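Everything in the sequence shown is counted per numbering that gives the first Met the number 0, starting at 0 for the first residue and increasing by one.
Read the hints as simulated data drawn from the structure, not as lab findings.
Everything numeric in this text was worked out from a predicted model, so none of it was measured.
From the three backbone atoms N, C-alpha and C, an ideal C-beta is built for every residue, glycine too.
Keep in mind that a hint or two might mislead.
[Unchecked claim] With a straight-line cut-off of 30 angstroms between C-alpha atoms, the simulated DSS-like cross-links for lysine-lysine are:
id, residue 1, residue 2
1, 324, 113
2, 117, 133
3, 81, 474
4, 474, 191
5, 457, 475
6, 229, 291
7, 113, 133
8, 339, 324
9, 81, 339
10, 483, 457
11, 291, 133
12, 229, 191
13, 324, 291
14, 478, 457
15, 324, 117
16, 117, 81
17, 199, 474
18, 113, 339
19, 133, 339
[Stated by the list, open to error] Ranges of calculated distance between the beta carbons of each label pair, as one might list FRET restraints:
id, residue 1, residue 2, range
20, 440, 205, 27 to 35 angstroms
21, 141, 63, 40 to 48 angstroms
22, 271, 231, 33 to 41 angstroms
23, 308, 63, 47 to 55 angstroms
24, 215, 130, 27 to 35 angstroms
25, 453, 327, 49 to 57 angstroms
26, 308, 232, 36 to 44 angstroms
27, 119, 440, 50 to 58 angstroms
28, 42, 281, 52 to 60 angstroms
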Amino acid sequence: MPSPASIIATIRQRPFFYGAIAVAVLAVAFFLSGGKKEDPEVLTATRGNFVQEVSVSGTVIAAEDVELGFTQGGRVAAVRAKVGDQVGAGATLAYLENGDLAAAVAQRNAALEKERAKLAQLQSGTRPEEVAIKQAAVTEARVSLDRANEALIDSILDAYTTADDAVSNTVDQFINNPRSNPQLEFSVADTKWESALETKRPSVETMLVSWQSEVNALSPTADLTAAVSKARANLSTISDFLIEANGALNSGITTLTFTESVRDGYIADVGGARSSVNAASSALTSAVTVQKNAQASLDTANRNLTLSEAGSENADIQAQAAVVKAAEADVQSAQAQLQKTIIVAPFSGIVTRVDIKRGEIASANASPIAMIGNGAYQIESFIPEVNIARIELRDSAMVTLDAYGDEEEFVATVVSIDPAETVRDGVSTYRALLQFDATDTRIRTGMTANVRITTEEKSDVVSVPQGVVIAREGKKYVKVQSGKDVVEREVTTGSTASSGNIEILTGLQGGEILVLP
């Protein structure tokens, strides 16, 4: 057998001969392969239904559930309910020994009937002294209203100060040039938060400046109702702005020089500002309540004065009417004391627990009886922050329960979404409730539910797999087969379906052949 060295020497001596052999081999290979490139992979753009869903898990809960007990302690006289009983609203489930309290109720009822009889027989005129008393009550009520108006103005001022501090001294810590050209001092992975903060900051400044002018012009004679409405709307705007600031701080900061300790400090400051804004909102609500009560007291005092001035006889009648009301209040007080010894069903439902027996001593504020309502069951789910913006009230959902497998589906509807987040395992989620559309005896509390919420549904939509869309220089393209040629065509895209297909808004028709890139 020739050595490798001798073969190489031979090739060097006859290069044209062996080169011809190599060309012949390549020609045969090209002929056997058909002399063509492999056909490109293609697919057809489809037109049909387009569905976007969010999948979450949850737990079945009762729409109403309650634990019941006695407000005061004592010996149990009777237990009228047992586990599994169907009871109506107002049904007595158990009661303590309460003969003395029942007698007190009967005595107060008798006194009430006596005062009602006097009211029916009263025929007398109004005395000047009584009119003077009514006038004094009006004056006192008017003074109280003035004070309540001043307190309400102070509450509006505090609301403005809190809102301004939340922006100027908290969020502006990490915004450069907040009033002229706001720019975050760090970059974030999710640029929507950065864009939202930088875009909204000038409008927030304009709102604060306008609000300050209006607040400074407030007086007890001003339209405080409009001022309160404006304050509530502005506090809501600031609260949303703080939520966006918190989102930016928690969305993944990409600036290497921005330390975690600084970020944590900003997060704590924003959290404190949100608490202050919430407290200001609560204080405003309380001040409004006090002002409304003061106005109601003045209205009552004016009515009483009008009745007194109308005639002595009518005044005496009204005075006796007040006595009757006091007697009615005494009856209600006695009934309230009696009610403390009775457990009553607050709504129609099923008794789920009974932990007391006749003759035993029951403790106050314990909960020996529990029940759930007859209403439709609900699903409690905690939706991640990334999906919450896609879900709205009245969205429909398909539900499967682990107890019955994937083949058995139930229909539910989103009925509530908490406005505030719930942090679970360090992740911001939002508690949502879905109610089953139909009553089904197979559904029980505590079952694990798998939920697919339909967030968007369209028909007659052109869609293609995301992989065929080419993104380049801010535009989108697809390769379309036109006869024997392949052309690149610009398209605009919309939403992404749960199947992975992407909606084509313009640039492509259903049935066109696409070439995979």
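(request) Using the Cβ atoms, figure out if residue 308 sits within 36 to 44 angstroms of residue 232. (result) About 43 angstroms separates the Cβ atoms of residue 308 and residue 232, which means 36 to 44 angstroms holds.
(request) Return holds or violated for the Cβ distance of residue 453 and residue 327 against the range 49 to 57 angstroms. (result) Check passed, 54 angstroms falls within 49 to 57 angstroms.
(request) With a cut-off of 30 angstroms on the C-alpha distance, tell me whether residue 113 and residue 339 pass. (result) 27 angstroms, holds
(request) Would you check the hint for residue 133 and residue 339, treating anything up to 30 angstroms between C-alpha atoms as holding? (result) Measuring from Cα to Cα gives roughly 38 angstroms; hence the hint is violated.
(request) Assess, step by step, whether the Cα of residue 291 is no farther than 30 angstroms from the Cα of residue 133, and give holds or violated. (result) 21 angstroms, holds
(message) Tell me if the beta carbons of residue 42 and residue 281 are separated by a distance inside 52 to 60 angstroms.
(response) Distance hint for residue 42, residue 281 holds at roughly 58 angstroms.
(request) Sort out whether residue 133 lies within 30 angstroms of residue 117, counting only the CA atoms. (result) Holds, at about 22 angstroms.
(request) Sort out whether residue 474 lies within 30 angstroms of residue 81, counting only the CA atoms. (result) Since the Cα atoms of residue 81 and residue 474 sit roughly 69 angstroms apart, the hinted pair is violated (cutoff 30 angstroms).
(message) Would the hint linking residue 339 and residue 324 be met if the CA-CA limit is 30 angstroms?
(response) The given pair, whose Cα atoms are some 23 angstroms apart, holds under the 30 angstroms limit.
(request) Check the following: the C-beta atoms of residue 308 and residue 63 are separated by a distance inside 47 to 55 angstroms. (result) Because 51 angstroms falls inside the window, the suggested range holds.
(message) Does residue 457 sit within 30 angstroms of residue 478, going by the straight-line distance between their CA atoms?
(response) 25 angstroms, holds
(request) Would you mind confirming whether the straight-line C-alpha gap from residue 474 to residue 191 stays at or under 30 angstroms? (result) OK: residue 474 and residue 191 at ~19 angstroms, within 30 angstroms.
The structure does not agree with the numbered hints 3, 10, 16, 19, 20, 22, 24 stated previously, though it agrees with the rest.
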